[in-house]
Amino acid sequence: MYVENSILHSDITAREQIFCQRGHIIGGRIIGGASIEVRDAGNRMNTKTEIVLGLNYLLEEKKQQLFNTKQELNEKKEKLLILGNELKARGYTNNPKIRIMELKQKNSLLIVNKQLEDINQLLLEIGFEEDKNREASLVVRNNLYANVTVAFGKYQRTIDANQHYVKVSLKDNEVNILPLF
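For reference, each letter of the sequence shown is one residue, going 1 to 181 in our numbering.
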């Protein structure tokens, strides 16, 4: 997202980067998936400004939901396998009702296996997204004022004193503030 002037007291979510090189971010909550470049963050009045980097909280929520669905599908798969074994053990292959039931069981098992493959693929993609979000950063080209909270998922840091020309990033599960020069 490219911001021409300023972001004032807004809730903004961008999946990738936010560029606000000429303007300010003052107040509100700004969420950037990859990185945020800004001239000033906060203001002299110490307005509460929250900057969240990486979409970790959304990914964690989706990841948990996928794990729950995967667990339910695994339980369903076990039940279908038990049912299939019981149908084979009885050996009523000539009975049309049993034969139809056996076909339904096999079809349901194929559907569950396909859904499990899809969920595993989504979990793998979320893993790649998490790796990408670890490289997120906030670059402040002028002033980073006090009372600005910078968060990377569950790790956050509130700025106590004004900073100039800094890069804020997450390294070894700690929010670091490094000078640009």
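Just to be clear, a hint being listed does not mean it is correct.
Unchecked claim - Below, computed lysine-lysine pairings styled on BS3-like, alpha-carbon distance capped at 25 Å:
1. K62 / K114
2. K114 / K48
3. K77 / K104
4. K48 / K88
5. K48 / K70
6. K88 / K63
7. K154 / K167
8. K48 / K76
9. K48 / K77
10. K88 / K76
11. K62 / K106
12. K63 / K48
13. K62 / K48
14. K48 / K167
15. K106 / K79
16. K114 / K77
17. K48 / K79
18. K77 / K106
I should point out that these hints are in silico values taken from the structure, not numbers from a laboratory. Bear in mind the structure is a predicted one, so any value in this text is a computation, not a measurement.
To see whether the hints hold, each was checked on the structure:
For the hint linking K62 to K114, the alpha-carbon distance of about 19 Å falls within 25 Å, and the restraint holds. For the suggested pair K114 and K48, the alpha carbons sit about 47 Å apart, so the restraint of at most 25 Å is broken. Restraint check: the Cα-Cα separation between K77 and K104 comes to about 13 Å, which is no more than 25 Å; the hinted pair holds. The hinted pair formed by K48 and K88 fails the criterion: a straight-line CA distance of about 67 Å is larger than 25 Å.
Among the hinted pairs, K48 with K70 is inconsistent with the structure: their alpha-carbon atoms are about 40 Å apart, more than 25 Å. A distance of roughly 37 Å separates the Cα atoms of K88 and K63; the hinted pair therefore is violated under the 25 Å criterion. Restraint check for K154 and K167: satisfied, since their Cα atoms lie roughly 19 Å apart, inside the 25 Å limit. As the CA atoms of K48 and K76 are separated by approximately 49 Å, the hinted pair breaks the 25 Å bound.
Between K48 and K77, the direct Cα distance comes to roughly 50 Å. Violation of the 25 Å bound is thereby established for this hinted pair. At roughly 18 Å between alpha-carbon atoms, K88 and K76 fall within 25 Å of each other, so this suggested pair holds. Distance check on the hinted pair: K62 and K106 sit about 30 Å apart at the alpha-carbon level, beyond 25 Å; violated. Among the hinted pairs, K63 with K48 is inconsistent with the structure: their alpha-carbon atoms are about 30 Å apart, more than 25 Å.
Pair hint K62 plus K48 does not hold up; C-alpha atoms about 28 Å apart against a cutoff of 25 Å. At most 25 Å may separate the alpha-carbon atoms for a hinted pair to count; K48 and K167 meet this at roughly 19 Å. For the given pair, K106 sits about 12 Å from K79 by alpha-carbon distance, which is consistent with the 25 Å threshold. With a C-alpha separation of about 11 Å, the suggested pair K114 and K77 falls inside the 25 Å cut-off, and the hint holds.
Between K48 and K79, the direct Cα distance comes to roughly 53 Å. Violation of the 25 Å bound is thereby established for this hinted pair. Distance check on the hinted pair: K77 and K106 sit about 11 Å apart at the alpha-carbon level, within 25 Å; holds.
Hints 2, 4, 5, 6, 8, 9, 11, 12, 13 and 17 from the list above are not met by this structure, while the remaining hints are.
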